[in-house]
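Residues per chain are reported as follows:
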Amino acid sequence: MPVSKRLMEHAPAIDAPPQSLADYKATGGYKGLEKALKMEPDAITQMVLEAGVRGRGGAGFPAGRKWSFVPKNTGKPIYLACNADESEPGCFKDRQLMERVPHLLIEGCVMACRAIGAQAAFIYVRGEYPQSIAALEAALIEARDKGLVGENVMGSGWACEVWVHQGAGAYICGEETGLLSSLEGGRGYPRIKPPFPAVEGLWSSPTIINNVETLANVPVIVRDGVEAFRSVGDDDTAGTRLVGISGHVENPGDVEINPATTTIRELIEVHAGGVWKGRKLKAVIPGGSSVPVLPADAIDVPFTYGAVKEAGSLAGAGGVIVMDETTCMVDALMNLMQFYHHESCGQCTPCREGTGWLEKLVTRIWSGEGSERDIELLDRVADTIGGAQQGKTICFLADSAVMPTKSFLKHFRDDFVKAVADGGSPVFKARRDRHAKTSTAAKTGTAAKTGAK
Amino acid sequence: MSAPATRTPPTAEEIAAADGRATFDDLRPHLDTLVARYPARGAALLPVLWHVQRSRGWITPNSVAETAAYLEIPKAHVEGVITFYTMFQDAPAGREVVMVCKTLTCRLRGAQDVIDALEDHYGIHMGDVTADGKFKIEAAECLGLCDMAPCMLVVDKARYGDLTPESAVKSLEERS
Ligand SMILES: Cc1cc2nc3c(=O)[nH]c(=O)nc-3n(C[C@H](O)[C@H](O)[C@H](O)COP(=O)(O)O)c2cc1C
Ligand code: SF4
Ligand code: FES
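Protein chains in written order, with this note's numbering: chain A, 7 to 459; chain B, 16 to 191.
The hints are simulated quantities; they were obtained by calculation from the structure and are not laboratory data. Some clues are possibly wrong.
Below are the EDC-like pairs computed for lysine to aspartate or glutamate, each with C-alpha atoms no more than 20 angstroms apart in a straight line [said to hold, decoys possible]: (1) Lys286/A - Asp420/A; (2) Lys90/B - Asp177/B; (3) Lys416/A - Asp380/A; (4) Lys315/A - Asp420/A; (5) Lys286/A - Glu256/A; (6) Lys283/A - Asp177/B; (7) Lys283/A - Glu256/A; (8) Lys366/A - Asp385/A; (9) Lys31/A - Asp48/A; (10) Lys283/A - Asp128/B; (11) Lys37/A - Glu15/A; (12) Lys172/B - Asp21/A; (13) Lys424/A - Asp405/A; (14) Lys443/A - Asp128/B; (15) Lys435/A - Asp128/B; (16) Lys366/A - Asp428/A; (17) Lys172/B - Glu143/A; (18) Lys90/B - Glu167/A; (19) Lys11/A - Asp29/A; (20) Lys149/B - Glu188/B; (21) Lys315/A - Asp303/A; (22) Lys443/A - Asp135/B; (23) Lys435/A - Asp131/B; (24) Lys443/A - Asp131/B; (25) Lys149/B - Glu181/B; (26) Lys149/B - Asp105/B; (27) Lys41/A - Asp21/A.
Model, not experiment: these values are computed from the prediction.
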């Protein structure tokens, strides 16, 4: 099956240094910006709209449409915030993009600024990615030096600055309004919408937030034209997608695909070398940990938003997590609930308390203390805690915990029933037996205290 | 699923040692360039805290007061931000901070064994500082390195992937 390379077509090898400005320019880099500077800003937005590129951060909102929401002539400055927080378990594509083709993102940011009338972009990179930050900072030095970013972009007289802003460890800062709160120097608390950020975002000014990969598509769209862009993908998912495949596969990694012609099965079997150790497949979470899990027989679908949705899940942020036949789904769900409980920002009671309940209930079942009633309760709690759409919570984090929970119970209830009947998850029992055997001295008296010398 | 870290408040000597590594006036020139990027002074809080932490090792009580005064924001706000983000250290954090991923992909590929091995080798719980003061080792949520699972990173410096219990211990032992 053909690999469809566009964003990563000229990307250096994974461990090689990031692509230089010279190399980027030699392969058509900054041609899109050059063209955009000669266009009316609205015409750039129109092109992005017609290209039909949808947000790659998870929600899949059409980028051109979002840009068109920016109000005109408010007298306020306008900002672009690039979401490079990438904290969704199973996702690592934005990191690859920033560390291998940093100029592609910078060009995309400058072009988006031009389209929406912004004079500054902030790239919010998660704190755990200093290598990505270094690649971007180095590229920005080159770009400023050559007048591609700064006071007078390509001699057009138009000014545009791009700043890299480092996060400090919090999943919720990937939620777009949490990101804004964090960028303003606060805790990463999501904000009630409306007002939408396009109208009232950073410092109460109109702000567009887009994912790294979304913005990286902009230079390609303008440089090659709408038709060329739409020649890959389908009406529903235009352009390529970067997908990370991880978990129980032989060769975890990233691949750029034509979503219309690549199935989830091919992602696993062709691109990732198949399920590891010759084992059978049990389950796949296709779009990052927040989307419903799919059973092994539901993965013969192309990786488009529409097809994955029809199969019962979401293509989301393009992080395919693979689980083999030995996986205990109770253990996997417990792990995810620890994650969501830990990452809940705590503003909304259903989320703060609810994710805690989910974690507690799965843990009870995991450790052999659960009953059939706890399985029912788990299902019921999941039904009551989400609901950002209905205004019950400020953001979608609680819903992100609900989707795995409901789908794990739907497709893998047997694992839960078995854990209740057998005195816990096999993972729990193996740990308990090992602990009984090994000395626990190291874990009791001898730990150094934080701060002790 | 490790036991919680044991914590004692920093001693006066530890605080003095950290503050002694750089005066706030030493930091000011760089901080001024950070503040200049934002339309509001307070927005520089995260970058300022990063610079203070890198310079002093951890964010001491004086650092909190100095940062608040410098950015013209309440001290309570600075405290709130430090405790909200996992990567800000408000107590001595060893010479290097190690984050070991515990989330799903890493767990599927053996993260728990890696964590157990590090706890046993250093005789600590996740979240503690090793007895020799070299590392603070903590269990972390997904590091965005799932292609390298199981993995860990040494904050600001290095990342290690495809870990085994042995290679995890060896990787840290080789950092002097
Ligand atoms: C809890 C939560 C975490 C999120 N994390 C990220 C993230 O790390 N990166 C990202 O691009 N989008 C993330 N999103 C989606 C953003 O809110 C937003 O939709 C996206 O950045 C918009 O850009 P796009 O339209 O280009 O995708 C997250 C959403 C939620 C609810
Ligand atoms: S839903 Fe959860 S994470 Fe989102 S704002 Fe409410 S408490 Fe915070
Ligand atoms: S789950 Fe460990 S790095 Fe993503």
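Each hint, compared with the structure:
1. Lys286/A - Asp420/A: Holds, at roughly 18 angstroms.
2. Lys90/B - Asp177/B: Violated: Lys90/B and Asp177/B sit about 42 angstroms apart, past 20 angstroms.
3. Lys416/A - Asp380/A: 15 angstroms, holds
4. Lys315/A - Asp420/A: Distance of about 24 angstroms is beyond 20 angstroms: violated.
5. Lys286/A - Glu256/A: 12 angstroms, holds
6. Lys283/A - Asp177/B: 15 angstroms, holds
7. Lys283/A - Glu256/A: The given pair, whose Cα atoms are some 7 angstroms apart, holds under the 20 angstroms limit.
8. Lys366/A - Asp385/A: Satisfied, since the Cα-Cα distance of roughly 13 angstroms is no more than 20 angstroms.
9. Lys31/A - Asp48/A: Outside the cut-off at roughly 26 angstroms; violated.
10. Lys283/A - Asp128/B: It holds: about 19 angstroms lies between the C-alpha atoms, which stays within 20 angstroms.
11. Lys37/A - Glu15/A: 16 angstroms, holds
12. Lys172/B - Asp21/A: Status holds; Cα separation ~15 angstroms.
13. Lys424/A - Asp405/A: 26 angstroms, violated
14. Lys443/A - Asp128/B: 15 angstroms, holds
15. Lys435/A - Asp128/B: 15 angstroms, holds
16. Lys366/A - Asp428/A: 19 angstroms, holds
17. Lys172/B - Glu143/A: 16 angstroms, holds
18. Lys90/B - Glu167/A: 31 angstroms, violated
19. Lys11/A - Asp29/A: 17 angstroms, holds
20. Lys149/B - Glu188/B: 10 angstroms, holds
21. Lys315/A - Asp303/A: The given pair, whose Cα atoms are some 15 angstroms apart, holds under the 20 angstroms limit.
22. Lys443/A - Asp135/B: Distance ~14 angstroms between Lys443/A and Asp135/B Cα, so the pair holds.
23. Lys435/A - Asp131/B: It holds: about 16 angstroms lies between the C-alpha atoms, which stays within 20 angstroms.
24. Lys443/A - Asp131/B: Holds, at roughly 14 angstroms.
25. Lys149/B - Glu181/B: 19 angstroms, holds
26. Lys149/B - Asp105/B: The hint holds at about 17 angstroms.
27. Lys41/A - Asp21/A: Between Lys41/A and Asp21/A the Cα gap is close to 32 angstroms, so the pair fails against 20 angstroms, i.e. violated.
Violated hints, in rising order: 2, 4, 9, 13, 18, 27; the structure is consistent with all others.
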